[in-house]
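*Asks:* The primary structure of each chain is shown beneath.
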Amino acid sequence: EAGVTQSPRYAVLQEGQAVSFWCDPISGHDTLYWYQQPRDQGPQLLVYFRDEAVIDNSQLPSDRFSAVRPKGTNSTLKIQSAKQGDTATYLCASSFLGTKDTQYFGPGTRLLVL
Amino acid sequence: QQQVRQSPQSLTVWEGETAILNCSYENSAFDYFPWYQQFPGEGPALLISILSVSDKKEDGRFTIFFNKREKKLSLHIADSQPGDSATYFCAAMTNSAGNKLTFGIGTRVLVRP
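Line by line, the protein sequences are chains A and B.
Going by the working numbering, the letters in the first sequence line up with residues 1 to 114, in that order.
Going by the working numbering, the letters in the second sequence line up with residues 115 to 227, in that order.
Careful, some of the hints might be misleading.
Said to hold, decoys possible - Here are the simulated DSSO-like cross-link-like pairs (lysine-lysine), alpha carbons at most 30 Å apart as the crow flies:
hint : chain 1 : residue 1 : chain 2 : residue 2
1    : B       : K186      : B       : K171
2    : B       : K171      : B       : K185
3    : B       : K182      : B       : K214
4    : B       : K170      : B       : K186
5    : A       : K83       : B       : K214
6    : B       : K214      : A       : K71
7    : B       : K170      : B       : K182
8    : B       : K170      : A       : K78
9    : B       : K214      : B       : K171
Hint data in this document are derived by calculation from the structure and do not stem from the laboratory.
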C-alpha cells in the first residue's frame, strides 16, 4: 500500500512569492490534514478535511493561506504571499474514519522563505 | 499556551539503557495520547498510543505509563538501540474536538553504541 505522497519535497522562495504544496493521501482515507512544523517544534494543525468538506480551518492564516480538496482525494495548500515566518516543513497526513484513527504522515515539504 | 509539554528537550543514553521521556498536559478533556517517532527528513509515524481509561500500554520495548490524576504520562524505551535515535512527540486528542491532535515540542533522543 502506497503511503502519503507530497510534492515538492523542497521549496525556496523570496518574500512575497506564492507557492503550492500538493498531497496525495492513502487510497480510501476520507480525512486529510495539513500541518505546519517549524524547525525543532511539533506539528501544528492548519486545516483538515473530511472528504471534500473543510472540518476545521481555525488555525489557517486565511489572508495568505488556502487549502482545497475538490474531489475528496488529493489536496493543495497554497501560500499567496510568503513571509520569512512561514519557513517550516509542511506535512500532510491522512486517516480513515473515527476520531482515534491513526494519522499517517507524508514526508513533508521543506519551505525556506528568504 | 502550550497544552502539551515534553521534557527533556534532548536525551542521550547508551545502547541497552532505558530512555524515559516525559509528557504533561493541561486539558482534562484529552482522552487519547499517541506517541509519534520522527526521523530526520521524514514525517512522524505512530509508535504507540494509550487511552485515558488505561494506566499502562506496552508494545515490545516501548511502554507508556499514564497518570490521569496528575495529567502526566511517560514513554519508556527499554534496551535502547542506535536505531531508536529520533525525535519523539507526545500528542493528545479529545473526543469533542474531532480528529485534532495537539503535539508537544518533542524530545530528541540519541542512543550511543
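*Asks:* Identify every previously stated hint that the structure contradicts and give their numbers, smallest first.
*Replies:* 8
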